[in-house]
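My request is simple: use the sequences and hints to build the entire structure.
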Amino acid sequence: MEFPKLGNLICNRISTASYSMNGSMVFLGYVVSANGIEVDDSKVKAIRDWPEPTSLQQVRSFHGLVSFYRRFVKDFSTIVALLTDLLKQKTFNWTESAQAAFEEVKYRLTSTPVLALPSFDEVFEVECDTSGVGIGAVLTQLGRPVAYFSEKLHDAKLRYSTYDKEFYALVRALDHWHHYLIAKEFVLHSDHEAFKYI
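For the sequence shown, UniProt numbering assigns the number 1 to the initial residue and increments by one for each residue that follows.
It is worth saying that the hints were derived from the structure and are not from the lab.
Hints are supplied without guarantee of correctness; some may be wrong.
Using 16 angstroms as the maximum straight-line C-alpha spacing, the simulated EDC-like pairs for lysine to aspartate or glutamate come out as follows [what the hints assert, rightly or not]: (1) K184 to E103; (2) K106 to D40; (3) K152 to D85.
As structure tokens, this is what we get:
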């Protein structure tokens with residue numbers, strides 16, 4: 001898409017966005033206010049009321065909806081790993097583990113914190129972590145989350161040592177948030193001893 005067309009599209013969307021009396025604006029499924037960014041209430045209701053899936057198509061639809069809001073959920077990829085794996089199957093097989101993942105992601109998205117609006121006048125902080133099946137990170141400012149990042153590990157990456165997983169999480173988080181971090185110093189929090197010397 002050419003830049004002028006994209007600019008016109010964004011301006012048209014902003015002009016039709018819903019403004020409220022408290023200074024917030026609903027835009028592209030988010031509520032943006034001076035307090036930060038949060039999931040639009042209508043989307044929260046849709047997620048909360050989503051029935052238990054009975055087919056792969058329903059799992060795919062649910063996965064698509066919640067993935068749009070993944071930045072609000074710490075360790076999103078790890079939580080939905082079972083649902084992601086289910087989508088690779090040819091037949092629908094809903095298990096207790098899949099149900100638990102379904103309920104957990106619904107809970108996390110319907111009780112999400114408001115993400116802080118990023119400020120380039122404040123210091124960004126990055127905290128990375130790993131699990132058996134994924135990596136995750138949180139970008140914060142003044143103790144408030146700005147965004148979450150996570151990724152499910154596949155194939156050889158699942159066999160990485162703890163050090164390599166931690167380092168991979170750091171590299172992916174820095175790459176993911178480079179537009180926030182490239183211009184100035186930031187603080188990196190890690191529970192891995194080797195990272196003290198970076």
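Tested hints:
1. K184 to E103: violated (39 angstroms)
2. K106 to D40: holds (14 angstroms)
3. K152 to D85: holds (10 angstroms)
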